[in-house]
Amino acid sequence: GAGVSQSPRYKVAKRGQDVALRCDPISGHVSLFWYQQALGQGPEFLTYFQNEAQLDKSGLPSDRFFAERPEGSVSTLKIQRTQQEDSAVYLCASSLGRVYTDTQYFGPGTRLTVL
Amino acid sequence: RKEVEQDPGPFNVPEGATVAFNCTYSNSASQSFFWYRQDCRKEPKLLMSVYSSGNEDGRFTAQLNRASQYISLLIRDSKLSDSATYLCVVASTDSWGKFQFGAGTQVVVTP
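Residue numbers (the working numbering), protein chains in the order written: chain X, 35 to 149; chain F, 81 to 191.
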């Protein structure tokens, strides 16, 4: 079946621009996670949704970052007034249930470059 | 101090040899453990879950030591295709299941 998809795959933004990154999780998956991966580092947690509810946004670096999942499926991560330090790969992952033992399946990521 | 720490490597391994490396974690509430594999410029993919009793999947063996708070991965009979970064992942009961990743251990298998 189809895996997690993300779009766009690559995004170049000028400093100060707003960007929106989309994630389509595996159909029927309850949990959705966003991670940020800087070059040479492991992914860092940003936020977590259980269906449409955002249960944890403790990893969002600043109030310029906003995520939503209004109908409990597709999710959007929005970054306002992008800064150079926002350059990274943004990974979306989904899992079937809502327990910490569930495998997370990752999308290919969106590589954001802020000039 | 990061919650999950790994030796970044690289581990340069001749084809056919065995390589092993560890990952330490600091949160004693950690309950789920995984090894993910990440190829260059690709997304992480599950290699294997790590169970308390240790588990094996083909040439890969994972061990968990709760007392010392580390997990290990051993790769036997290394193949060129095993060249990748191996990410240690920990999930805790107190964190909605969000994954804590290590920075990864790079393995390079040479002919």
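Hints may be right or wrong, so weigh each one.
Simulated coverage check for chain F against chain X, where a stretch passes if three residues somewhere in it have a Cβ under 8 Å from a Cβ of chain X [what the hints assert, rightly or not]:
id: 1; region: 124 to 136
id: 2; region: 154 to 164
Pulled a few chain X residues facing chain F out of the computed Cβ check, cut under 8 Å [claimed, not checked]:
id: 3; residue: F67
id: 4; residue: G76
id: 5; residue: F79
id: 6; residue: A87
id: 7; residue: D90
id: 8; residue: S121
id: 9; residue: L125
id: 10; residue: T135
id: 11; residue: G143
Since the hints were made in silico from the structure, they are not lab data.
Owing to the predicted nature of the structure, the values given are computational and were not obtained by experimental measurement.
The beta carbon of each residue, even a glycine, is placed where N, CA and C say it ideally should be.
Structure-based check of all given hints:
Check result for the region 124 to 136 of chain F against chain X: holds, 4 residues qualifying (beta carbon to beta carbon below 8 Å, three or more required). Note: the region 154 to 164 of chain F has 0 residues with beta-carbon separation from chain X under 8 Å; the three-residue rule is not met and the coverage is violated. The interface hint given for X/F67 holds, since its Cβ lies 6 Å from the closest Cβ of chain F, which is under the 8 Å cut-off. The beta carbon of X/G76 comes within 3 Å of a beta carbon in chain F, closer than 8 Å, and the hint placing it at the interface holds.
Nearest Cβ of chain F to the Cβ of X/F79: about 5 Å, under the 8 Å cut. The hint holds. Given hint, X/A87 at the interface with chain F, is violated; its Cβ is 11 Å from that chain's nearest Cβ, farther than 8 Å. At about 5 Å, the closest approach between the beta carbon of X/D90 and any beta carbon in chain F falls short of 8 Å, and the interface hint on this residue holds. Below 8 Å, beta-carbon pairs count as interface contacts, and X/S121 has none with chain F, the closest being about 15 Å; its hint is therefore violated.
With a least beta-carbon distance of about 6 Å to chain F, the hint placing X/L125 at the interface is held under the 8 Å criterion. For X/T135, the suggested interface contact is upheld, since its CB lies about 5 Å from the closest CB of chain F, less than 8 Å. A hinted interface residue such as X/G143 counts as satisfied when its beta carbon comes closer than 8 Å to some beta carbon of chain F; here the least separation is about 6 Å, so the hint holds.
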